[in-house]
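*Asks:* Turn these sequences into a full structure, and let the hints steer you where they fit.
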Amino acid sequence: MAVRFVTADGDLYLRTASLPSADSYSACGFAVVNNFNNFSIQFEIQATGGARWHSIESSDSVTNNLLEYNDDSASPTHTTIGTMTVGTPFFWGITKSSGTVHCFYRNFTTNVVSQTNITTAGTGMTPAAMTVGGSNGFTSETMDGRACGVRVWDAVLTDAEMIREAFSLSPRRFANLHGWWPMIDATESGCRTDYSGNGKTWSITNTPAQEQGAPVPWGASPIILPHGVVAAAPPPIGTLGQWDMGLRIAGWW
Amino acid sequence: MTTPRAVLTPFSAEFPASNFPQLMVVNERPVLAFDATTAETCRWTLMVPAGFTGPMSAIISYMMASATTGGIAFDVSVEAVTDGDAVDLDATTSFDTTNTGTVATVPGTAGHIDQLTISLTNGDAAAAADYYRISVTRATANASDTATGDLYLLAVALQDAA
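Taken in order, these protein sequences are the chains called A and B. If you read the first sequence in my numbering, its first letter stands for residue 26, the second for the next number, and so on. If you read the second sequence in my numbering, its first letter stands for residue 363, the second for the next number, and so on.
Rather than coming from a laboratory, the hints here were simulated on the basis of the structure. Remember, predicted model here, so these are calculated numbers, not experimental data. Backbone N, C-alpha and C fix where the C-beta goes; we use that ideal spot for every residue, glycine too.
If you only want the chain B side, here are some residues facing chain A, beta carbon under 7 angstroms, derived:
| no. | residue |
| --- | --- |
| 1 | Pro366 |
| 2 | Arg367 |
| 3 | Ser374 |
| 4 | Ala379 |
| 5 | Met386 |
| 6 | Val387 |
With beta-carbon atoms standing in for the labels, derived distance ranges:
| no. | chain 1 | residue 1 | chain 2 | residue 2 | range |
| --- | --- | --- | --- | --- | --- |
| 7 | B | Ser423 | A | Pro251 | 18 to 24 angstroms |
| 8 | B | Ala523 | A | Thr110 | 41 to 47 angstroms |
| 9 | A | Gly124 | B | Pro378 | 37 to 43 angstroms |
| 10 | A | Ser246 | B | His474 | 25 to 31 angstroms |
| 11 | A | Asn89 | B | Thr467 | 50 to 56 angstroms |
| 12 | A | Ala200 | B | Pro417 | 41 to 47 angstroms |
| 13 | B | Ser423 | A | Thr212 | 18 to 24 angstroms |
| 14 | B | Ser423 | A | Gly124 | 50 to 56 angstroms |
| 15 | B | Ala489 | A | Glu213 | 46 to 52 angstroms |
| 16 | B | Thr407 | A | Ala185 | 19 to 25 angstroms |
| 17 | B | Ala523 | A | Gly224 | 44 to 50 angstroms |
| 18 | A | Val111 | B | Ala489 | 41 to 47 angstroms |
*Replies:* Here's what the structure looks like:
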């Protein structure tokens, strides 16, 4: 399951308060493109006034997924981080520590996570908006596709930590988790809900629908039951002063 | 008396690259939504617990999203790989012949639970300590699968048949 963002409708997930530091954060998620749309944005952190931003988005050559950044108010710079195919899910990730930005990409036709390191000029960007599925300032650049499993940290994950995030809907690292939105609920409001416990629910523009998402497991393990675990008969009252309903291991073969 | 061996939940499911059920949350319950027209598959991986002698049964707990009539069918396959087996795991799979189970009529109220037990007779000769995968597919091409709309799989329990 995933949230469907439609370009023509201008669908958008938006937060404008209690945002992560734009100079020290990490973010990642999963997406599927239904149709290419020039500069359609999957994730963005934008500064006040829209003069500076970091965006994970499609390119104007339409097949590349890239980081677009403009953190010094100069012309935006584009760096390709992966190649998109319509209908093929992919993972995107970004870690930013001042001017050092690491981008991650995994196309679901492979288990390989590619990494692109970038050095940007600017620091000190004050975030004013964080969005999924589009931009707060560039309203024509809404994504035409689906997104799920978005999470953001108030910390710079190591490269190894971010690569681990490419294989599950639930975070592998919970420390410094800013927000976590699986976006798999059957209800629209449930998709916007922050599962991190930090209460960072998205506000929406229009009402995105739910559609098929990426084949990403949650990341839990099956429950294996040891053979021979049985409930013990309670001891007489008075022996322990209370009923003991604990489990007794009857034997491990 | 049967012995429960493992509980396979939607949150522990693994998915192929295409034709997979949707992992979703319905009324705060994690479910796997299986389509009525496309045969969708998910899998679970575990190690066969000590003491297991087989055969195993799979108890599939499910509810229907909207259907109140018609039947459903599941195909369940087992892949058991023993230490030293000559299976090229990074290039092939070795699932045993499919085990099929059907339900003639789903519950008359959508959202009501039902359970389907499938004996895994074709169990790939699983033995304790084997690397074990179980594949579950809604058999939409089966003549018994006539219920419309999504099927929500709630859990699969594996238990000894003896």
